[in-house]
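Based on the provided sequences and hints, a complete structural model is requested.
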Amino acid sequence: MQRDAWLNDADHFSPGRELFRSGRSFRVWACTVSHGQLLLRSEPTEGARRIDVLFKPVEAVQTRMRYDGLVIRCATAEEHTRILAATGSTLRSNRVHILETSGGADYVISNAVGWGMDDGDLRAPGRLASFAPATDPARILRTTEP
0 MQRDAWLNDA DHFSPGRELF RSGRSFRVWA CTVSHGQLLL RSEPTEGARR
50 IDVLFKPVEA VQTRMRYDGL VIRCATAEEH TRILAATGST LRSNRVHILE
100 TSGGADYVIS NAVGWGMDDG DLRAPGRLAS FAPATDPARI LRTTEP
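Just so it is clear: in the sequence shown, position 61 is 60 by numbering that gives the first Met the number 0, and no numbers are missing.
Please keep in mind that the hints were generated in silico from the structure rather than gathered at the bench. Any given hint could turn out to be false.
To be verified - Beta-carbon label-pair distances, calculated as ranges:
no. : residue 1 : residue 2 : range
1   : G15       : T86       : 17 to 27 Å
2   : T31       : T86       : 10 to 20 Å
3   : R63       : T31       : 35 to 45 Å
4   : E77       : A47       : 29 to 39 Å
5   : T44       : A4        : 18 to 28 Å
6   : T62       : T89       : 30 to 40 Å
Here a beta-carbon is modelled for each residue, glycine too, at the ideal position from N, C-alpha and C.
Shown next, in the form of structure tokens:
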């Protein structure tokens with residue numbers, strides 16, 4: 000797997016092409032309507048860096064909250080047609096990304112996907128996207144010392 004990537008050109012995408020693969024666990028970390036972003040995050044572990052996967056701009060999603068192992072690939076022509084019809088999507092230029100895990104498959108319709116690895120801790124902001132402080136309750140729910 001390439002350490003960092005941002006895929007948004009047509010030559011990156013072809014039906015069924017695998018874009019990303021990791022055996023690590025990922026969680027839906029943040030989603031914004033205003034910027035159309037979906038961030039999946041893999042927690043840093045001993046000897047392994049944190050991985051962020053960002054989709055944008057997102058038009059439609061079907062995701063689970065946790066992925067135990069993650070493969071992201073381009074939809075096949077049949078999947079692309081079926082998912083666009085099921086979601087009512089009319090933006091044919093958008094790409095349908097299939098998210099595969101041991102529990103099944105989901106999708107994200109977006110124009111771009113990228114990932115990056117870094118040494119940040121679980122709650123530190125990532126390099127790929129900026130999210131409002133509300134994504135970390137510790138930043139907005141301050142405790143007062145007696």
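Comparing the hints with the structure gives:
Taken as a hint, the range 17 to 27 Å holds for the pair G15 and T86, whose Cβ atoms sit roughly 20 Å apart. For the pair T31 and T86, the beta carbons lie near 19 Å from each other, so the given range of 10 to 20 Å is met. Range check, R63 to T31: about 19 Å between beta-carbon atoms, so the 35 to 45 Å window is missed. Look at E77 against A47: about 36 Å separates their beta carbons, and that is inside 29 to 39 Å.
The hinted window of 18 to 28 Å between T44 and A4 holds, with their beta carbons roughly 21 Å apart. In this structure the hint that T62 and T89 lie 30 to 40 Å apart at CB is violated, the actual value being about 21 Å.
Hints 3 and 6, counting from the list given before, are not met by this structure.
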